Amino acid sequence: MTEVGHSSERTPARVCPLRPPQGRRGLPPLGLVIGFVGIVSVPLVAGGFLSDIISYPDTPKIPIFAVQTLTRMTLAYLLSLGFALAYGITTAMSHRASHVLLPLLDILQSVPVLGFLPAVFIFFITVPTIGLEVASIILIFTAMVWAPTFGVIAGINAIPQDIKEASQAYGVKGLGYLRQVVLPAVFPELVWSSLLAWGGGWYLIPVEEYFAFGGKLYHLDGIGYYIAESAAGQKLAPSLFGLAILVLIIITIEELVWKPLGAKAEKYKYETVSAPQTAGPRRGRVSTNVRKYEERLVSPIFSFFRYERASLASFLEAVHLRRRFHVSEKIRLQDRMARHSVLGRIISLVIALTLIVVSIAVLRGIQFRPLGDALQVIQDNVGYLTLAFDTGASLLRILIAYLIALAWTLGAGILIARSERLSKLLIPVFDVGQSIPGTALFPIIILLIVNPFKDNPFALNLASILLLLTGMQWYLLFNIVGAVKGLPSDLLEASSAYGVRGSRFVKEILVPASYPAILIGSIQAWGGGWNATIISEYITDSNGVHTVAGLGALLQTATNYPDPYASAVVITAAILLMTSTVLAINRLVWRRLLRKAEKYKMEA
Amino acid sequence: MSSTEPILEIKNLTKAYVNDGKSITVLDNISFQVPKEFLAIVGPSGCGKSTMLRIIDGLDVPTSGEVLFHGQPVTSPISKIGVIFQSFALIPWKTVLGNVEMALAMTAISKDEQLKVAKKYIQDVGLEGFETSYPKELSGGMKQRVGIARALALQPEVLLMDEPFSSLDALTAETLRREVLDIWTDQAYPTNAVIMVTHNVQEAVYMADRVLVLSGRPAKIVDDVVISLQRPRSQRDPTLYDYTDRIVSKIS
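Top to bottom, those sequences are chains A and B.
Here our numbering = 1-based position in the first sequence + 125.
Here our numbering = 1-based position in the second sequence + 24.
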């Protein structure tokens, strides 16, 4: 496996620039943040909003809120890190365990975590004060944990065969092997996946710091609460201010923590020069199962993974190091389900189902009853027709949001490809845009769209689609921009040398070159969209609840059923329906398209 | 087969990049003329040979100086000049036929005609039967044949080759060299001038009528060697070694 690179030069002396070295790479991000805050503050000051912010009673508490939010995030992250290392190392080092642990991880991480939001809160609300805090940390943990876990596994699998053999030859084993070989190998992937984990965590923060349940509003002090509470009180200025502070925090952490760590991680990377295939039966301590597993991926999807890495790498030079391994994980997970041994799959499916059902049962403190009862309960409370209709409604809304996202991101990709100047201008803007957690925009969208039009169904659906959009569009954008930026320069030159330009260039070169990235971005966007349905279809503010028909709304409504058994059954049904819809669409649509798109990938 | 009237004139070509506020000169005031001939340009790695070729095709702009094609300045790619790339630069999602046809849209000929021409040149480079194959199904040598067919299909007056054989294994490279020479000497092809950039001095001496030797960065012409050997040449001709030695001593 030779790493994809733009040049396969053997002579390091050939540094002759084929194209003018790019000057400064956009603006320095911190400067950009200051610029962003500046842009936000101009209308605030101009509109006389500044006094609104100052007079808002919670404003002086912002530093404390920031600390509280950050503490929650940090605790959840430490939990995730511990879990990721334990689960990842076990999976990667034990042949037998990996048969079940790998597919189990796949299923668990494709369950929409937000679906558990109501159930977890119901459980912890009974414990005063600390209960809510614990619940929020657990929820953030469930949003954070998957990327680092896959990261650890991928890191261990990336240890080259010769290093393993050398360790064996020099008697490095047990804890020594763990410390000297495994942990350093895991470090780079862990850094990138942690960045993603934090992104996932931030997405949840506004939701779990301010939510309604059973007609009652609950909150936890924090930045998310500040934004939501001020928006609910019709105060646009403070909510925008809170948003700016949140973005400032997010970007500062990236700059001060992840970027330096990312730079440090570079030295732990193995140069992936083609590993000798002579390893034979002795493969050291790392499981052959994981290896076989990786080998089985050598098919369209694996090639995409390599292609994506190459194109992303070039994109990451433009934007700071972000979203790197998201892609690889998602792609691998597409394939995992399909390619793992049937037995392993069945066992893991059973475990996952049991986990879901038991956790809901425990959370709601209910007894198990026969399956027939459960089906009857669904029929009585929801009705199968409604269930189907809700699924369709959610699907339709996601589709509309997806089409909007696809249209604008493709346009942006074309602009970026065709103008270096526009690209320098747009990429930092997109970068800041995508660092805003979509959920933090919810209260503001509600303030601007839902409230003025009361419960006009059109306004509600529009708001819901906009909310979905915030959870979907960036995946597409970043994949497309990555592909466009990663177009090999020789193809660009050949196109130019043979007069392929203008609309022909877009049609024959740019769109086909982005096609795999569009598909991968689409898969991620749909995943994000399904997750967002849960909070975008059931909107609460101080005026009460606004709902549109859909699976997400059903999930939330079901938590309010007086009968805990009915509630648990309907929640389970909705989660399962959602998960199986996601998996079905992946199989029926995306996997087929991915296979067909094989020819669009660049050659290694 | 030299004739005096120049097809290409390269005049006072200078190329400099600005990097971290420092200006790096890659090409330093280079001038030469290309009549009807096979010209090879050799020089150490990173000296700017490829940059020069790109400027000649109009893919890059010089800092100062100009390129004249029959007296007309070249500022963007034209159909009278074909290019062959070291990395083949084939579009992965186009078939062999599609890759060759891609170039023909530069010309004024009709769609039907384009198809006919493309097929002819695919045959000429020995890829008959592979028209509907995709690049990744081909070996390196076959890919470069597609690259050659794409360039030749334009019936260019000038053919630019950037390290055309460096990505191929030794045997394939040898075969392709001979085939390119056959095409070059075949009167049926309208190509009057070939400029080949390479760091392989033996290859340059074996193939070219004249070899320009460039110095390291910033590149200047340090020697201009006419290879006065009859064609077809033999790789074993001892005179070739004399030329090679002379050029290598200039480079190192």
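Derived by calculation from the structure, the hints in this document are not laboratory data.
Computed from a prediction, not measured in an experiment: that's the story for all the values here.
Do not rely on the hints blindly, as some may be mistaken.
[Unchecked claim] Residues from chain A that keep clear of chain B, each with C-beta distances beyond 10 Å, as calculated: (1) S180; (2) K186; (3) N506; (4) L573; (5) A584; (6) L616; (7) I634; (8) P637; (9) L718; (10) K724.
[Claimed, not checked] Simulated pairs of lysine to aspartate or glutamate, EDC-like, Cα-Cα distance not exceeding 20 Å: (11) B:K35 / B:E203; (12) B:K118 / A:E545; (13) A:K632 / B:D248.
[To be verified] Which bits of chain B does chain A cover? Going by a derived footprint, with three or more residues having C-beta under 8 Å, they are: (14) 50-63; (15) 198-204.
Glycine residues also receive a C-beta, built at the ideal position from the N, C-alpha and C atoms.
If you test the structure against every hint from before, which numbers come out violated? Of the numbered hints, 6, 7, 8, 10, 11, 12, 13, 14, 15 do not hold.
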